[in-house]
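Given the coordinates of chain A, assemble chain B onto it according to the supplied hints.
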Amino acid sequence: MRTWLAALLLCFTGVVSAAIQPLEFHDAEEEARFRALTTELRCVMCQNQSLADSDAQIAHDLRLQVLELMREGRSDEEIKAYLVARYSDFVLYRPPVEPRTWLLWFGPAVVLLAGAVVVTVVVRRRAAAAPALPPAEDEQEW
Amino acid sequence: MIKRLLPLLVFIALAVLLGAGVLMNAGRDTKAIPSPLLGKPAPDFALPVLDEPERVVSKADLLGQPYLLNVWGSWCPACRDEHPVITDLARSGRIRVIGYDYKDEADEARRWLAQFGNPYALVIVDADGRAALDWGIYGAPETFLVDAGGMVRWKFVGPLTPEVVQEQLLPQLEALE
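Protein sequence lines, in the order shown, are assigned to chains A and B. Using the working numbering, the letters of the first sequence correspond one by one to residues 1 to 142. Using the working numbering, the letters of the second sequence correspond one by one to residues 143 to 319.
Isolated chain A (complex conformation) (with noise of 0.2 Å):
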């Protein structure tokens, strides 16, 4: 039974090595644009993954597209709107600055000049109320 469950085994992972063959480059200058612009990608299926790092599928068909495209010629912007006129904004991880993005790319910023106003007003309110004097053991000796 163990013997025929490896077996078994043996025949998937023969299935899945043949279908997913590596990349192969032509030189190391394409091989590190590949990987800078893959590493900017998201991957659609396992949403958490770059698209340099999935294993899924569909990652693979796309990875062989990017290089494609690179082969043809194509910048890297091109690419990237190859991939978003297909599967939208979401494959990129740094979305496109627009009136609908703004609070994605300016909130926290926002939220941070906030914060850093109540601060200031707070502190200043506090040194208003606080005595001029010094506190009376103020030689006392630590």
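Hints listed in this document are in silico derivations from the structure and should not be mistaken for laboratory results. Where a beta carbon is used, it is the ideal one built from N, C-alpha and C, also for glycine. Treat the hints with care, since some could be wrong.
One side only, chain A facing chain B, incomplete, derived with CB under 10 Å [unchecked claim]:
1) Phe25
2) Gln47
3) Ser50
4) Ala56
5) Ala59
6) Gln65
7) Ala85
8) Phe90
9) Val91
10) Val121
Negatives, chain B to chain A, calculated, CB over 10 Å [as the list claims (entries may be wrong)]:
11) Leu151
12) Lys173
13) Pro178
14) Lys201
15) Ala274
BS3-like cross-link-like pairs, simulated, lysine-lysine; straight-line CA separation at most 27 Å [unchecked claim]:
16) B:Lys182 to A:Lys80
17) A:Lys80 to B:Lys201
18) B:Lys173 to A:Lys80
19) B:Lys173 to B:Lys145
For chain B alone, kept in the frame of chain A given last:
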């Protein structure tokens, strides 16, 4: 008094904000990516027919009548769950249902259809899944509604259920008629 309540008010405001975020996402399938194709022409394609591999069907061949493009594969368990719903829809005659056999072996696909029944008016084959990229397909099942003019009207990611048909697809079909 207001001063002492201020932290509580800030806390309530934050809680409402977080609660709204959770509620807004509760009924939504966060894995489903909205299709940028909606309201736009369907992509060009030319794919062989499952039962007549020498016959190629293109986008132009399907114009003139609306159709439902159902992406499936014999390897896909959820497609089996969806199969009765697709069959009912095809039998009702409301819409032409076209099968899109995605990343599949032709023999396996034929066997699957023979076993469960073939609801499709036509099955086109995308064996290596390359044409699927133009549709923004990233798995199976997925379903597109394309109108007579070749515009994509609706897309659903995941298995169709009677509820989805009733609440989403049928109103779309009525809008077409």
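Which of the stated hints cannot be reconciled with the structure, identified by number in ascending sequence? Hints 1, 3, 10, 12, 13, 15 and 19 are the ones this structure does not satisfy, whereas the remaining hints hold.
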